[in-house]
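Chemist: Letter by letter, the chains look like this.
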Amino acid sequence: MKEFDDLMRSALSRDEESLKPPPDFAAKVLAKTVGLRKTKVIAMPLWRKPAAWALAAGLSIAAIVPPSAMEYQRRREARALEAKRELFIALKLTRVKLQQTRQRIQRTTRHTL
Amino acid sequence: MKKTFALLALALPLIAQEGFDFKTLDKLGANSRNHTNITLDGDMLKLASGFLGSGKDSDSLKPLVDSLKGVYIRSFEFDRDGQYNEADLDPLRAYLKQMQWNRIVESREGKEVSEIYLQTRSASRVGGLAIIAAEAREVTVVYISGDIKPEDIQKLSGTMGIPDIRQELLDRKKDKEKKKEDE
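Each protein sequence line maps, in turn, to chains A and B.
Using numbering that gives the first Met the number 0, you'd call the opening residue of the first sequence number 0 and step up by one each time.
Using numbering that gives the first Met the number 0, you'd call the opening residue of the second sequence number 0 and step up by one each time.
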């Protein structure tokens, strides 16, 4: 039984030697780091960044749309007021002409009678 | 050939329904001193209707304006007698006749002519009102198309809150004189 225990213990025991890093481990890691440092970083100009374009477009829309909308509304109101003025003139002229015709008929009828 | 004529005959009333070209009346005003040209189509009338405001007068005017399809006025004033040719009104008369408008009033008193035409749709509905008023020094054409009730025509004889036209015309005259002076 003891033999079996010893066998198990030796099998499961920590093998310090196998856990040790190879002697050139540090050198390899350093070499990799140096390689990483050497990776070329390409700096993209601002005008090629989609976010910059989106921001510029947003700012342009914000700058152009409200004044255009206000101008459109102002012109529409001016047209409507002009149309209203013309409508009043037209209805008034119609009224005047209807009254004149009525008076003329009354006059001519009186003459005939 | 017969088919072509038949198609043409069918198309003619459709072409006629396109409406009268009021530019043909511009000849009347060639020698005019003052003129009033008003052309309000359906879209412009809708636009104007939206700006009528609120109030008793506007509320009564709005249904009438909403039912109109077009308002056309041509009015010319002349300095002297005989500065327009009454025959220039004939195309409009012919159009009204062709479109089966009824001349309900015709009054002639010397050189003064008044004609009122109605396009009747039913006993209670009128499809349009046209007035031709010609005097020695003034000629006016009023053409209103749309669904008009007879009581609306009566209403037109009232004020309906419409501003004084004389003042409007005086203002227009002043504006024109001012523009001429500026030029």
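Please keep in mind that the hints were generated in silico from the structure rather than gathered at the bench.
Each hint should be verified, as a subset may be incorrect.
Where chain A lies over chain B, by a calculated footprint (3+ residues, C-beta under 8 Å) [what the hints assert, rightly or not]:
#1 18–32
#2 70–76
#3 85–93
#4 140–152
Ideal placement from N, C-alpha and C gives every residue a C-beta, glycine not left out.
Chemist: Examine the stretch 70–76 of chain B: at least three residues should have C-beta closer than 8 Å to a C-beta of chain A.
Modeler: Holds, because 3 residues of the stretch 70–76 of chain B bring their Cβ atoms closer than 8 Å to Cβ atoms of chain A.
Chemist: Three residues or more, CB to CB closer than 8 Å: is that satisfied between the stretch 18–32 of chain B and chain A?
Modeler: violated (count 0)
Chemist: Can you confirm whether chain A covers the stretch 85–93 of chain B, using C-beta to C-beta distances below 8 Å and requiring at least three such residues?
Modeler: Contact hint for the stretch 85–93 of chain B vs chain A: violated, 0 residues under 8 Å.
Chemist: Can the stretch 140–152 of chain B be counted as covered by chain A under the rule of three residues or more with Cβ-Cβ separation shorter than 8 Å?
Modeler: holds (count 3)
When each numbered hint is compared with the structure, violations occur for hints 1 and 3.
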